[in-house]
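Undergrad: My request is simple: use the sequences and hints to build the entire structure.
The lines below spell out each chain.
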Amino acid sequence: MASETLAIAPTGLSTRSLAERLHEWAVTVDHKRLGILYIGYALVFLVIGGVEATIMRVQLAVPNNHFVSPQVFNRMFTMHGTTMIFFVAMPILFGFSNYTVPLMIGARDMAFPRLNAFSFWLTAFGGLLLYFSFIGGFGLYGAGSAPDVGWFAYAPLTSKVFSLGHSTDFWTLGLLVSGFGSIGTAVNLVTTIVCLRCPGMTMHRMPLFAWMSLVMSGMVLFVISPLTAAQGMICIDRYLGAHFFDTQAGGSAVIWMHFFWIFGHPEVYVLVIPAFGFISEIVPVFSRKPIFGYPIMVAATVAIGFVSFSVWAHHMFTIGMNSYANSFFAITTMAVGIPTGIKIFNWLGTMWGGKIIFKTPMLFCLGFLFQFLIAGLTGIMLSAAPFDWQLSGSYFVIAHFHYVIVGGILFAIFAAFYYWFPKMSGKMLNETLGKWHFWLFVIGFHLTFDFMHIPGLLGMPRRIYTYEPGRGWEIWNKICSLGVFFQATAILIFVGNMAWSYWKGRDAGNDPWDAWTLEWSTTSPPPVYNFADIPSVYSRRPLWDLKHPEDPDWKYE
Amino acid sequence: MASVTSLAPTIESPWALPSRGRVGMFCLIAAESAIFTIFVVAYVFYIGKSLNGPTPTEVLELPIFNTICLLSSSLTIHFAIRALRQNKTGLFSALWFTTIALGAIFLIGTGREWQRLIYERGLTIQTNLFGTTYYSLIGLHAFHVIVGLLGLSIVMAFALGGRVKQEHAERVDVLSLYWHFVDVVWVVVFTVVYVVGR
Amino acid sequence: MKSEPTVRAPGRPRLIQFARWFPVFVGILTASSSIFAEPPANSLIPSIFSPDSTPADHIYGLALFVLSITTVIFVVVFTLLLYATVKFRMRRSDDHREPPQVYGSNQIELAWTVIPVLIVVMLFLATARVIAQVQDADRSPDSIDVTAIGHQFWWEFRYPGLGVVTANELHIPVSDSVSPTPTFLKLLSADTDHSFWVPRLAGKTDLIPNRVNQMWIDPHHTGLYLGQCAQYCGTQHALMLLRVYVDSRSDFDAWVRSQSRSAVAVALTNADAAKGREIFEATSCINCHTVRGTVADGRFGPDLTHLMSRETIAAGAATNTPANLKLWIEDPDAIKPGSLMPAMRLTEQDLNSLTAYMETLR
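So the sequences go chain by chain: P, G and S.
Letter by letter, the first sequence follows residues 1 to 557 in the numbering used here.
Letter by letter, the second sequence follows residues 1001 to 1198 in the numbering used here.
Letter by letter, the third sequence follows residues 2001 to 2362 in the numbering used here.
Treat the hints as calculated values from the structure; they're not laboratory data.
Accuracy of the hints is not assured; some may be wrong.
Cut-off 30 Å, straight-line C-alpha distance, at most; resulting in silico cross-link-like pairs (DSSO-like, lysine-lysine) [what the hints assert, rightly or not]: (1) 555(P) - 2087(S); (2) 2087(S) - 1049(G); (3) 547(P) - 2087(S).
Owing to the predicted nature of the structure, the values given are computational and were not obtained by experimental measurement.
TA: Written as structure tokens, this is what we have:
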């Protein structure tokens, strides 16, 4: 039975010139290659964003430092945030979805392969456009360069009056372009998941990562659009003299905040839900048990998807909304924590009674679980609006969201790398290097982001290029800056591991982890057509059924 | 193992999932609706907040004829597709052409309305909050009409070359979904701008 | 349930399991202990855990409540996760059969849904109460009114009832619980978004152009409280500092009296200062600055009528000394690069005279 799902081994194709190979990659519409392109692109920007962060942490290591000027620092935090969200996190998650979802649902490719390629290139060019601002932003006044308005670009700072030159335009247009790419990929993913599942794979037998990709993509359709609209409004203001956010003409700075955060808050759920998907795939395999409570996990994710659209103004607790509005957003924010917490319990339930294998993917999952717990709890603290009146706009918030994005999402992404790299390349990543990567990164992460909560509690606001001595912030800033070097080293080891393993790694075979979803039934890497025959499935773990024919899952589901 | 597999749940046959084109188009419509919603919210939020300049009541006239044209084009496109499904390609081409013509009339009407507003009533996108939100919202919709007409025209070109057949009805239907969406948006925009906002 | 051989992994001794999480423990313990080490009452450290005004007190109380709940949740879940990691690890001696395949449990799911819901309800009730206490507080009749206007990159403070206009350093009377004299601040902005944050006195509230916001503080002790702008407003957001001086009632009244006077006509005994005044009134200084009682009535920059009554200049970027003043006028970018004060390009002599004039503005 198993052999029917195996692919026909590909013939060697190593006689093409470099130019031919590059051309193949440039014109590919194969979801696997596009997935790898997305991931590679994001890795480059991860390093660039990391350099921007390092520059900031060096500047902030001591008070009244002169490592960089305030103008450069302000560009750094703007570009760091924008890059990490739009050109690292989104592409990497879309990349993994692109690669694995068609394989997981037993399809040959995404629903719209050419749209897939078009979307990738839009995203890629959007990033290049944004970074071109370093050279091209100067405009008529000699002002400009990279945008320095913060990644949320509050009006009226973005108006022509306060933002000279073209820096803001590069922000707006770079993100507009890549936003269309994101919408394109979201349309593609939803259509693929709804229309291309293999026979027998009902929605309730889909791997959880496919569900998460579906929810995330559905959200993207409603999340990126408000940003696109609002950025369109900035362009109309700046170039056609309109007054959407022109407070001098009676316009409102607050309406920009509403539009931005209607995008911005659900966006972070767009980022974390695929991360949840990674954890939901990897923890069961390395605990040797199925995910605990699959239907609840699906329901909780869908609930998070919907409720997350009702919490946005918790980013605006300090703007002077009345007490009813503040109370409303406080309760919705607390409410969205409930399905999120349930998911943590379900992962715990998956591990409980299992046989946990501490390979690198699982190590990163464990890091995720502990860290995401803390991140969620600091989020609950922030949801208590009066507490947020102190903590908002301070280093406590920065510590909180980095805990989610780095301690949570990035750890899950690392887990995904170690888990699926064998499938993508046919080679195993080196375990020893993987463990070095993990431990160094854990140490660096905690040094930087645990202690970062404290300056926030002591009154240090965010987005400041320097600070006065004598406020009790110095020692904590030093420790935070120290952690950067551990993280940087870890990333270098990680990149080195990928490079080394691609050539010298142990052969992976089809199914190195003894896993249960369809991508492990084909070769590593899969052939262009994914499966020789489209499989039929009868349960959530088709490979478990094949490996345990006397005790298949469909008896219990 | 035959006894085991005979107990496996059966897979419904044929294994039929929704069509890609439809689902994809619905997703696109969802995203576009969100974009329009933001512009509508901005419009509604800024009603009555202009500090100066002409107000809606002073300058807006109900575009009844335009609206009738655009909404009728939804009917014509619907019947065009019905004709194609029944293999009446000649009727299809005629109705399709009528749809494009009605859409074009709508656009020309919008253009003339703008000309009147700008040159006779002095309302531009820069004048005040009303001008900003009005031109942006109507303009965004008009832009979507133009894109729709482009798509329709491409099909028209193929139809005139005799290459649109009965088996293409499903694909052409997906395009018509977009056109219906544009019409629905107009209903909303019309209500917000010309009824509520005036 | 039979199984085929699974991927093997060696089990790890218990000690190494704990060592794995040791950095995490240390980090958390250290962090939490410093949170609760309150600085002394008159400390300048703007910690939210040493509140000295009613709004900050209310927030502090809520913070402790929220922190205790989240700490309990953390300890419970952390312990369970740690326990699971240790107890259910694959051991070296494992027979590599798959463990019992458990798919879920509705009762457990219900339990761990209901409990969080109850916790959320509790948290919300506490939160709503404090929101109302702070935002919907009644105004007492003896309150002081201050209008704060945010500028890039300085604070304008006007006391409409008292005829005082100053900048960056706010003076308010101490308030006692028997007969409170809180200060109500009306918050406006002249350009972009700013935020007024003095952690020991209150949570922050934003200053947004074309919008009027309100906040109040009623400090319990005299002293100096530090804060700064907490909403990114441009290049020099970092050096838009706040100093709030809480004075005794009599000191406050004396301050008001001296501030509401116009600039004392410079006794022209000091020739240098007199020359300085001429330069001030002849160059573009008067376009931005006001010196009440003279022709200077610009509103773009801070009111300089009582410049020497302030301890700092450039919104806290430098202490108010003659050398700093001179440097500020000559080359503001040396102190606060990117601020909107232009370099005045005066000769050395003119600079000295001008500084001498500034020194007379007490």
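Undergrad: Now look at each hint and say whether the structure bears it out.
TA: The hints, checked one at a time:
Distance restraint check for residue 555(P) and residue 2087(S): the Cα-Cα separation of roughly 29 Å lies within the 30 Å cut-off, and the hinted pair is therefore satisfied. A C-alpha spacing of about 65 Å is found between residue 2087(S) and residue 1049(G), which places the hinted pair above 30 Å, so the restraint is violated. Restraint check: the Cα-Cα separation between residue 547(P) and residue 2087(S) comes to about 27 Å, which is no more than 30 Å; the hinted pair holds.
Checked against the numbered hints above, the structure violates only hint 2.
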